[in-house]
Amino acid sequence: MGFPAHTDGAALRSLMQKIDKGEQTGIRDQIVVDLYRKAHELCADTVTYKDRKKLMETYKLDRILTSRVWGFPIMLAMLGVVFWLTIAGANVPSSMLAGFFGRIEGYLTAAFQALHAPDWLHGILVLGLYRGTSWVVSVMLPPMAIFFPIFALLENFGYLPRVAFNMDRLFKNPAATASRH
Amino acid sequence: MSTYRVALIGNPNTGKSTLFNALTGLRQHTGNWAGKTVVRAEGEYEYNGHTYNVIDLPGTYSLFSNSVDEEVARDYIVLDRPDVTVIVLDATAMERNMNLALQVLEMTSRAVVCLNLIDEAGKLGIEIREQLLAEKLGVPVVKISARNKQGITELLRQIENVAKRRIVPKPVQVKYSEEIERRIQELEPEVRRLIGDDYPARWIALRLLDGDDSIIAALERRLGANASQTKEMIADGLSCAH
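Going down the list, the protein sequences come from chains Y and W.
Start counting the first sequence at 1412; every next residue gets the next number (our numbering).
Start counting the second sequence at 106; every next residue gets the next number (our numbering).
No wet-lab data here; the hints were simulated from the structure.
None of these values were measured; they are calculated from a predicted model.
Glycine included, C-beta positions come from ideal geometry on N, C-alpha and C.
Do not take every clue at face value.
[Claimed, not checked] Dumping the calculated PhoX-like pairs for lysine-lysine here, alpha-carbon to alpha-carbon at most 25 Å:
| hint | chain 1 | residue 1 | chain 2 | residue 2 |
| --- | --- | --- | --- | --- |
| 1 | W | K254 | Y | K1449 |
| 2 | Y | K1461 | W | K241 |
| 3 | W | K280 | Y | K1465 |
| 4 | W | K280 | W | K241 |
| 5 | W | K228 | W | K269 |
| 6 | W | K228 | Y | K1471 |
| 7 | Y | K1449 | Y | K1461 |
| 8 | Y | K1429 | W | K280 |
| 9 | W | K254 | W | K228 |
| 10 | W | K141 | Y | K1449 |
| 11 | W | K241 | W | K275 |
| 12 | W | K254 | W | K269 |
| 13 | W | K228 | Y | K1461 |
| 14 | Y | K1461 | Y | K1471 |
| 15 | W | K275 | Y | K1449 |
| 16 | W | K228 | Y | K1464 |
[To be verified] Pulled a few chain W residues facing chain Y out of the computed Cβ check, cut under 7 Å:
| hint | residue |
| --- | --- |
| 17 | R234 |
| 18 | S282 |
| 19 | E283 |
Let the sequences and hints guide you as you build the complete structure.
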């Protein structure tokens, strides 16, 4: 390849160390300012907005959803509704599932008795394994089947990125970022 | 028939992945970048009898190595030097996106700028003069709508032009303040002498001024690996000759 054979990164590092650290402060800010100035210049020459009002309209909802005043109340309200739907909505299917599994348990018990199975076997398989599993399923499945689709909808509507934007303000204080997942 | 490497880079939510899917279809696989918890998506397509290996770099707002994502994207462009880098910009937010394009153009000259979501921009009454922008940037500019598969053919054509060096772009360089420019002028020849012409000397000089350790470390690793690789190749060549 085209680099000199004697090259090692150490030389680069020593080159960097020669640079006066005192002069380094604020250079990143200056670089970013210059980059944005150039970007602005380029866009001013090549991009025309026929209808600025129309453009601003698309940001109207953004401004409400991410406003300092309304951002968090709206977020809490949305999450409140989602959780309420999840918990309240899950009750009915939960009890239906529990009833359904309960009926099957009745049949299973009858079958075990007809076969004269010992009590301990019935205890392990039906009262332990079957009842435990069916309870978990009937309690967990309905909330999950409600919560995840709603959350996916919020994400696809683009609401979750707005929430991340709101939360970013909070996370900025301890110098972390909310964008890491 | 040859194989070219194409990298896609852009801000998050510019439809970069939609473009990736439109280009590669089902011929793709995902994994992780070695040693990093950053998703690496690779795919390929064929055009005019050549194979193009496309890599979807993580979406980033800048390339200042503020995060692992930014480092991965930066290292790939600077050190792995793809044949073509496609810079995907959101046509509805040009000014915000342009900043990344300028940073990429400091790192590589072999680039194509791709204005995605052009249909959305049209609906919002935004008009972009892509010819003028191409002149000003010094690289090909293509308007597309990845979602509607619009403008893809033109994009493929421009990627081919740059990959085959039918077009050799001369990208615009951001002019910094006098003070910074003066110090870049001082450093650049020195950097060029140390690393040769394969890496963007001006950009590395700027990073040195910025006190960016991570790029030096990455270069050290890469140059070290390359240097021993070259040695091995020479040794192989000698043993073959005998």
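Results for each hint:
no. : hint              : in the structure
1   : W/K254 - Y/K1449  : 31 Å, violated
2   : Y/K1461 - W/K241  : 22 Å, holds
3   : W/K280 - Y/K1465  : 34 Å, violated
4   : W/K280 - W/K241   : 14 Å, holds
5   : W/K228 - W/K269   : 36 Å, violated
6   : W/K228 - Y/K1471  : 16 Å, holds
7   : Y/K1449 - Y/K1461 : 22 Å, holds
8   : Y/K1429 - W/K280  : 24 Å, holds
9   : W/K254 - W/K228   : 17 Å, holds
10  : W/K141 - Y/K1449  : 33 Å, violated
11  : W/K241 - W/K275   : 10 Å, holds
12  : W/K254 - W/K269   : 24 Å, holds
13  : W/K228 - Y/K1461  : 10 Å, holds
14  : Y/K1461 - Y/K1471 : 18 Å, holds
15  : W/K275 - Y/K1449  : 17 Å, holds
16  : W/K228 - Y/K1464  : 13 Å, holds
17  : R234              : 5 Å, holds
18  : S282              : 6 Å, holds
19  : E283              : 11 Å, violated
Hint compliance for this structure: hints 1, 3, 5, 10 and 19 are not met, and every other hint is.
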